[in-house]
Structures are given as C-alpha cells and as structure tokens.
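Visitor: Sequence:
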Amino acid sequence: MRVGVYLAHPRRGSFNHALFDAVVEELRGGGCEVMAHDLCAEGFEPVLSADETGTVRSAPLARDAQVALHRTEVAALDALVFIHPNWWGMPPAVLTGWVQRVLAPGVAYKLGTAEGEPAGLLRAGRALILNTSDTPADREASEFGDPLESIWSACVLPYVGVGDVRRTVFRTVTGSGDADRAAWLDQARRQAAALVA
Numbered sequence: 001m002r003v004g005v006y007l008a009h010p011r012r013g014s015f016n017h018a019l020f021d022a023v024v025e026e027l028r029g030g031g032c033e034v035m036a037h038d039l040c041a042e043g044f045e046p047v048l049s050a051d052e053t054g055t056v057r058s059a060p061l062a063r064d065a066q067v068a069l070h071r072t073e074v075a076a077l078d079a080l081v082f083i084h085p086n087w088w089g090m091p092p093a094v095l096t097g098w099v100q101r102v103l104a105p106g107v108a109y110k111l112g113t114a115e116g117e118p119a120g121l122l123r124a125g126r127a128l129i130l131n132t133s134d135t136p137a138d139r140e141a142s143e144f145g146d147p148l149e150s151i152w153s154a155c156v157l158p159y160v161g162v163g164d165v166r167r168t169v170f171r172t173v174t175g176s177g178d179a180d181r182a183a184w185l186d187q188a189r190r191q192a193a194a195l196v197a
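Counting with full-length UniProt numbering, you get residues 1 to 197 for the letters of the sequence shown.
It is possible that some hints are incorrect.
[What the hints assert, rightly or not] Quick list of in silico lysine to aspartate or glutamate cross-link-like pairs, EDC-like style, CA-CA up to 20 Å:
1. K110 - D51
2. K110 - D21
3. K110 - E73
[Said to hold, decoys possible] For each label pair, taking beta carbons as the anchor points, the in silico distance ranges come out as:
4. D51 - G89: 42 to 52 Å
5. S14 - C155: 24 to 34 Å
6. G106 - D180: 17 to 27 Å
7. L69 - E143: 33 to 43 Å
8. T168 - A41: 16 to 26 Å
9. A41 - R2: 15 to 25 Å
10. A41 - T174: 37 to 47 Å
11. E25 - E143: 17 to 27 Å
12. G29 - G112: 38 to 48 Å
13. A197 - D64: 17 to 27 Å
14. D51 - G112: 34 to 44 Å
15. A179 - T135: 16 to 26 Å
These are calculated hints, taken from the structure and not from any lab test. From the three backbone atoms N, C-alpha and C, an ideal C-beta is built for every residue, glycine too.
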C-alpha cells in the first residue's frame, strides 16, 4: 500500500515532528511504501500562482518541479495522513498552500459533472488527520465549532474522492507531560496501522 504522510510544522523537535516520525516508522514497519514529506523542511512554496488558479479545465502542467512531483505522487496513493497543529482554526499556511497547489483540477477532482458537483479523482479512499491543539475540547466545540473538522471532513477530502476520513486531536499539548505524549504517540501508531489494515 502506498501512503503519503504530510507534516506541516516549522519547528524541529515539535510534538508534531514526533507524531510524524512515529507514523512513518509504523507504516514502513508494516510494509507500506511511504512518501513522507516534511513540507516546511522541504521548503514547499505555498503561494498559488495566477497560472494555477483555473478550476474548470485541467490544471496546466506545474512549472514547479516540486509541485509536479507531489501531484504525481498524490494521484497514485492509497491513503493519506496529514499531521499539523491547529493555528487559528486552520492548518498552517504551508499545508493550505499544498492543498491549493497539489489537489488541483485534473489531478484530484473535476468539475462539470451532470449533477453540478465535483467528481473526486484520487484513488486514496481514506485519510487520517492528526492535529495538535492547546484549546480544550469543550471550548473548541462551544465557541468555534471545530473548524478543522469542517475543513477536512466536509470541504477538502470528500471533494477529491476521499470518503473515509479519520481525525484525532491531541490536546492540550502545552503543559502535557512525558506520559501523555508517550500515550499519544502510541495512539497515533495504532491509528496509522488501522488506516492501512
């Protein structure tokens, strides 16, 4: 099974990096072919160019070799894993830009179906999102309505054909102890294994 694992956190040594390392190790240990991308370390350029903004026709060939590589890879994946913090109710800019530049029309979806709805083109039928947060769950639900759940489970992944969306939030990270973090890493490994089972 081919799995893409995408990390969006700029600070080396963050708990997001620990999650990324644990998930990649678990998947590779289980025999998966893993395309592991630390988007910040790779210097992924998140800014969508004017040439890339078409939505009705297929996206033009990516002039950026890195974007072209990611588009080719994502089209051939069986599952996706995204690891990122909750910043202002959004993924970090590097991951938002990745979504906009890589999950392009003709690669991840097409418009113009008879029903007027997009048709997802990705073969990856399932995805796991691992988020970190410093907002307590009750406050997240009552004040903000969990915007990341809407982004991934309603807006992005169904649009490109991913029907099985699993998401876990590890909270609150600030002030968490070694035992909490070790338990969260074990949970992330189990969820990664379940994703490809």
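Visitor: Each hint needs a verdict: does it hold in this structure or not?
Guide: Each hint, compared with the structure:
With a C-alpha separation of about 17 Å, the suggested pairing of K110 with D51 holds against the 20 Å cut-off. For a cut-off of 20 Å, the pair hint linking K110 to D21 is broken: about 34 Å separates their Cα positions. A distance of roughly 18 Å separates the Cα atoms of K110 and E73; the hinted pair therefore holds under the 20 Å criterion. Between D51 and G89 the C-beta distance comes to about 29 Å, which lies outside the given range of 42 to 52 Å.
Between S14 and C155, the C-beta spacing of about 25 Å keeps the proposed range 24 to 34 Å intact. Taking 17 to 27 Å as the suggested C-beta distance range, the pair G106 and D180 does not conform, at roughly 43 Å. Distance hint check for L69 and E143: the Cβ-Cβ separation is about 40 Å, which falls inside the suggested range of 33 to 43 Å. Checking the proposed 16 to 26 Å range against T168 and A41 shows it holds: the Cβ atoms sit about 23 Å from each other.
Checking the proposed 15 to 25 Å range against A41 and R2 shows it holds: the Cβ atoms sit about 21 Å from each other. Distance hint for A41 and T174: a CB-CB separation of about 23 Å, inconsistent with the stated range 37 to 47 Å. Range check, E25 to E143: Cβ separation about 36 Å, and the 17 to 27 Å hint is violated. Range check, G29 to G112: about 43 Å between beta-carbon atoms, so the 38 to 48 Å window is met.
Roughly 35 Å separates the CB atoms of A197 and D64, a value that falls outside the hinted 17 to 27 Å. A hinted range of 34 to 44 Å is violated for the C-beta pair D51 and G112, which are about 20 Å apart. The hinted range of 16 to 26 Å is satisfied by A179 and T135, whose Cβ atoms lie roughly 21 Å apart.
Hint check: violations occur at hints 2, 4, 6, 10, 11, 13 and 14; the rest are consistent with the structure.
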